[in-house]
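**Q** Respectively, the protein sequence lines represent chains R and A. To convert, note that position 79 of the first sequence is 110 in the numbering used here; the numbers rise steadily by one, no gaps. To convert, note that position 344 of the second sequence is 556 in the numbering used here; the numbers rise steadily by one, no gaps.
Simulated from the structure, these hints should not be mistaken for lab results. Keep in mind that the hints are not guaranteed to be accurate.
[Unchecked claim] Think about it this way: if two alpha-carbon atoms lie no more than 20 Å apart in a straight line, the pair counts; the simulated PhoX-like pairs of lysine-lysine are: (1) K396/A - K189/R; (2) K191/R - K225/A; (3) K484/A - K189/R; (4) K396/A - K190/R.
Just so you know, these numbers come straight off a predicted model, no measurement behind them.
Listed here are the chains, written in short residue letters.
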Amino acid sequence: VAADALFYLTAASYVVASFLFLRFLASGKGDVGRLAPRLIGLGAALHAGHIVLASLVLRVCPVEGIHFPMSVASMSMCVAYVLARKRLRIEVAGAFIAPLALTSLLASRFVGHGAEPGAHIKGAVLPFHVTSNLFGVALFTLASSAATLYLIQERLLKKKQIDGVFRRLPPLDVLDRAEHRFLLAGFPLLTIGIITGTLWAQRVEAGAPAEVLRAVFGYVMWLVIAGVLFLRAAAGWRGRRAAYGTLAGFGLAVVVLLFYLLRAPVTPATVSAISSPFVSPPAGGS
Amino acid sequence: MSLPVVVVGLSHKTAPIEVRERFAAGSEILPAVLARLTSRPELDEAMFLSTCNRVEVLGLPKIDGSGELAAQAASRAIREALRDHIGAATVEELGEYVYERSGEEAVRHVFRVAASLDSMVLGEPQILGQVKDAYDAAVAAGALRSHLARCVSRAFSVAKRIRTETQLGAGTVSISSVAVDLAKRIFGELADHTVLLVGAGEMAEQAAKSLGQQAKAIRICNRSFERAASLAAHFSAAAAPLEQLEAELVLSDVVVASTSSKTFVITRDLVKRVMKQRKGRTLFFVDIAVPRNVDPAVHELDNAYVYNVDDLEHEVAENMKARQKEVAAAEKIVEHELGEWLRWARGLNVNPTIIALRAKTKGVLVAELERSLGTRLKHLGEADRAALTQMIDSATNKLLHAPTTRLRNAAGESDGNDLVRAAQHLFDLPAAPPPDASTQSLPPPADDASEPRLPH
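Chain A extracted, bound-state conformation:
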């Protein structure tokens, strides 16, 4: 049996933005969410991932008996933690939006998510950074310690390999670039129009990059004026504090909102006032934040249009056609890496048996030798005794070489557990204890040398 990793979550494929934003967790509440997860006795390790398009909990069950039962208990614990996180009354409220993966499927899912194969924008680079941030937060909270940490760490290597060996991330497609394309289809060219970025984070930076020199002017409005000014300096833009948002909206034609605010930054009343001052000039909002920054009711106003990440999904898919060719190659890498991972994970069950077999064999031989040395061979000197001890070590190695090799090889196969049980039965070995993170060796990552940002 491989490690029973469990993933419970929801994404743009299963839940609309109105649902996803209820689950989203910013960095300020992440420790509390992780504490809630680690307090569950059913979970040995956990990680909480929250991005624009997905909210997921990765969990490794605590195994006392059946791995399957442990996985079910872990899944229930995660669902209950999510229920508490959104303040729902029952787990059933999570309803049809939540998906679940376990075992091999869960690990494949983690690899695909990190490699951006499950993203709205295939191959987008932001997801890897977001997974790394989630990893760091979980490690800092003590929620990731061993095998699950290794699984996520391996996912980074897989993502890096895909980025290096395929063209999945080639080109400039991103939510921001798609939003800019849509803005062009509303305004014609942006050369006569001003773009306002509300928020100065990574997404705002992406938007500014996508705009390049296309817009007449870029303005950046942010709660932290210093951050806005810093970003503005990079893009020859004008910066303003969030208090001046209304005046900034009057001056702008395209608004890209990406703050981490939990409530609407741009409300219907605000835009109503702005539209009067703008004398009805078209105002296009692209809300790429989750939770959303722009009240959807703004879309009902004349000459005001609000598009969020879900609304851009179809547009993104159109732009993704060129990348679809790379998906097959990327999936192949995922499957190869998954096979390596499973081989290692199954080995976690074999190693205790091999150790026990070696200990028993050597123990028997050493006991017999000592008995002989105490009676018939007590005349032997120190040099002869040392030679006999060495001979026993050598005999143990030679005797157990074939069984050890076959057990190790079988660990990667589906019938590996049968062989382990047979060895335990034949040699009267104790059943293997559940994998203990502190005593098991970990597999080498796919490419440690090429993993400069590998979390530690």
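Chain R extracted, bound-state conformation:
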């Protein structure tokens, strides 16, 4: 009951924050510098409470399986937003963060049940692998939010429509810088996730075609993000190109996640054959 209450309170915080941000973007009304980000912060705290309580009740490690990591990732995203928003001046990015956090929270409730990893595939690497990936995804979500806002701002500036929404969004260079910093922060975590995923996959043998495809998407995603960062440093790929690259990388991350969430229930036999470089291993039940 307490876990459910925290769940609903978390959802309510995210809903109100989303409403405040979207109203501000649409009409310029309201002050989103204080209340709305604080609501996201409150939501993140309630979210954390829900995760801890629910995992204790279910006796599941929050970083194993599918159910909780999704929830932890969205909560981490909110925490990162709250910590970085003032320093990076990206308060309005809450317009993406709050609805995304809400969606992830609700999805974690209804998706992935019964897909917890079997005891035979759990090990020391697994939590490490999942934790780095989920924090990485949280930071990439923030980066892609900044990239989306950048593209909106850039388009308005190129079309010389510098009133209305343009005034409400953060400055163009601020968004570019925020996107870059979130990518820089998330990339080492993603790299750790790839390495630990590869190490873990060596323990299993051949995989199902869908799992192999998921692994391929995971590696391609890593290459895309690495490419964005490298080209920015070496060839001056900033602004629009970097934003598109970031969104492409994030799109691939979403594809990997969808593979993970929408796969058919697998048996212990097939579980042992998975080689995932990106997300925690699937399970056919405990």
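Fit chain A to the given chain R structure using the hints.
**A** Below, chain A alone, put in the same frame as chain R:
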């Protein structure tokens, strides 16, 4: 009828910058433009005004008969002169961009322009200086001599009065300050960014003032290095000659261009090379020059943005809201001054009639006196004759005091001309000749004492 002043021109309200820059005339070609205008027999006086936001010709028609026809002929002459100025084939090419005012409307327009009530940035101070420069150039070219000169001179007084009596010019809004605000919304703060001023004229100075201490550094690049260095010294900036423009662009983030160049100083190819060296860092151009200094194609390049004065218009309007309250007070002053001007201008038609009436009356009385002095009164001595002459002067003054006063008062009214015609008819006076600048008295300006820079 008042003076049939004619204004033909185009402004930011009627023509985009691409059109306005075709009409713009720098100081080097202004004498030729004025010579073209003064060579027209339809024009008695003319003035050419060219600013960032407007190009206008003020003309006073030569009146031989109907004032209305003269005004139409003057308007046609001005349009043809403008056509020749831009090298257009026909007057129709000027098309919908050109507006025209005549008579009272034209004078009101001149007053409003000088007072910055018709400017993109309401109350901006530069326009008055620009009108004064145009005035000086026209006077030097012999194109302004009398009534039109007086009209423009009066406009200076009106502008000064508005500046003194209203808050229209209060605050720091200018194209430059608006550009700085926009730059902040691209870069966040300018404290980590360098601003480059291309050109070292008045607009560059305004931009430097607007920036104040906000930018990390200010750099000034100008064709005349001495001028750049002089301006740089005032703002703790770095100066460079125009030959180093490419290197300066690499170092800068915000570029304010305001040179008087007729061609693009900053081209697409130049910026393409610069962006490579900058590794794609955002570069924001504010082109406040007319003709434009920055090729609009630069705006198509990644991470490069070009905004000209027209693009900033909406932004300026937002900043102008506080000044709108002062507009009504300023317009009231314009209307009051316009009324004074019209009263004087109508008086130009009355004065010849008054002079003729006095001359005729005195002539009749003097003739009668002389005839009497030659016959019945020839025994009178010098003292008596002088007394009689004085008596006639006094009688003339007393007799004509009321008609003169009423004619003068009627001059300011719309039916003044009717009374003039009645007097001419009743006393068999000749019709008033067209106002002659050299013989008419001019009205006192609104405030000569407070007009230290009044052109002469």
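**Q** Given the proposed pairing of K191/R with K225/A, does the C-alpha separation stay at or below 20 Å?
**A** Given that 20 Å is the threshold and the Cα spacing comes to 18 Å, the pair holds.
**Q** Hinted pair, alpha-carbon criterion (20 Å max): K396/A, K190/R. Please report holds or violated.
**A** holds (18 Å)
**Q** Check whether the Cα positions of K396/A and K189/R lie no farther apart than 20 Å.
**A** Holds, at about 16 Å.
**Q** Are K484/A and K189/R close enough, with their CA atoms no more than 20 Å apart?
**A** Answer holds: K484/A to K189/R is near 17 Å, not above 20 Å.
Of the numbered hints listed earlier, not one is contradicted by the structure.
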